[in-house]
Amino acid sequence: MSHLLDEDGNVYEQGLFGGWQQKHGLFGPERDVGWFGQPNVERDLFGNPVPESTFLGGQVYSDDGRPLYKPSSSSSSSSSGGSGGGDAAEALLALFLIAGVVLLAGVVLAALFKGLATLADAWRDLAKRYPRAMRVIHLTLGMIAVGLGLSLAGVGPSVQVGGAALVPVLWAWLWLTQRLPLVFLPVNALVIGGALWLIGEWARLLWLPIWPSLTAGFPAIASNLSLVLAVLPLALLLLAAGSRRWPMVFAPIICLAIGGVAWFALMRVWTGWQPAWNAALAPLPLAPHVGWVIVLVPLLLWL
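Residue numbers for the sequence shown follow our numbering, so the first one is 5 and each next one is one higher.
Note that these hints are calculated values from the structure, not bench results.
Keep in mind it's a predicted model, so treat the numbers as computed, not measured.
Check each hint, because a few of them may be wrong.
[Claimed, not checked] Derived pair list, reagent style EDC-like, types lysine to aspartate or glutamate, alpha-carbon separation capped at 16 Å:
#, residue 1, residue 2
1, Lys74, Asp12
2, Lys74, Glu56
3, Lys74, Asp125
4, Lys74, Glu17
5, Lys27, Glu17
6, Lys27, Glu46
7, Lys74, Glu46
Please take these sequences and the hints and turn them into a complete structure.
So this is what it looks like as structure tokens:
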């Protein structure tokens with residue numbers, strides 16, 4: 005027998021004076037293992053390693069006291085140079101496996117994205133060819149999605165049905181808004197204003213300590229932020245519509261509105277600016293008031 009193995013697959017050779025010594029190569033102790041690190045030792049029918057024994061039947065031990073076993077007939081210590089042979093084979097096999105998995109995952113993802121892109125193109129083509137039928141399908145899918153979402157949220161059946169029925173109602177409302185903007189845009193502004201008014205009323209305890217102190221001197225709005233929020237959408241709509249239809253009239257109005265908002269913010273929040281401004285303009289004759297300057301700056305820029 006040219007060499008023996010221990011339970012870790014390390015190679016042992018018999019020395020000149022007897023005894024078994026571990027064999028070393030250039031890269032450390034030589035090992036005789038398979039691809040998965042299992043020692044290439046001879047095994048019995050039950051998978052147990054066959055020990056090497058002396059003529060009297062005693063177990064053979066190495067010089068460092070480790071039990072030694074017979075190598076398999078198909079193994080050879082030259083197949084693994086130190087810890088590099090078997091470990092290098094295992095690392096190479098693992099690298100090939102990882103590369104194969106990554107490649108397979110990339111192919112699957114590419115095929116999935118390609119399939120989704122094909123389905124999306126086909127869906128858009130159907131929507132162009134059969135717009136009415138696809139519109140019905142879209143509304144049906146939207147109703148199903150809303151109903152399922154409300155069902156997952158744990159609400160009752162009546163709320164689920166109401167939420168699903170709200171989908172075509174909202175779609176019809178948007179369609180009418182596009183067809184009849186002069187009628188439905190003011191209605192939408194009033195609806196949004198009503199929603200903001202409700203939010204302001206519900207959050208009254210949050211803004212009540214702050215808003216009156218900021219709007220001191222304006223009794224119309226000092227105690228009712230909800231009313232300001234309710235009127236704001238309609239006012240913005242009228243300004244936007246007027247600026248499109250009569251730009252030369254509404255442009256200065258918008259500039260004055262911006263200047264008023266800037267003056268309001270500076271006088272109510274950054275009041276420390278006013279004394280410095282008055283001190284800087286005190287030597288000038290007919291020094292303008294800071295409020296009028298702030299209000300008229302956007303208008304002067306526009307002019």
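Open item on the list: Lys74 and Asp125 were given as a pair; does the straight-line alpha-carbon distance stay at or below 16 Å?
Closed with: Answer violated: Lys74 to Asp125 is near 67 Å, above 16 Å.
Open item on the list: Holds or violated: Lys74 and Glu46, Cα atoms, limit 16 Å.
Closed with: holds (6 Å)
Task: Hinted pair Lys74 and Glu17, Cα distance within 16 Å - done: Answer holds: Lys74 to Glu17 is near 12 Å, not above 16 Å.
Open item on the list: Would the hint linking Lys27 and Glu46 be met if the CA-CA limit is 16 Å?
Closed with: Not satisfied, since the Cα-Cα distance of roughly 19 Å exceeds 16 Å.
Open item on the list: With the threshold set at 16 Å, check whether the alpha-carbon distance from Lys74 to Glu56 stays at or below it.
Closed with: Within the cut-off at roughly 5 Å; holds.
Open item on the list: Run the distance test for Lys74 versus Asp12: straight-line Cα separation, threshold 16 Å.
Closed with: holds (13 Å)
TODO: Compare the distance between the alpha carbons of Lys27 and Glu17 with 16 Å, and conclude whether the hinted pair is satisfied.
DONE: holds (6 Å)
Going down the numbered hints, you'll see the structure goes against 3, 6, while the others check out.
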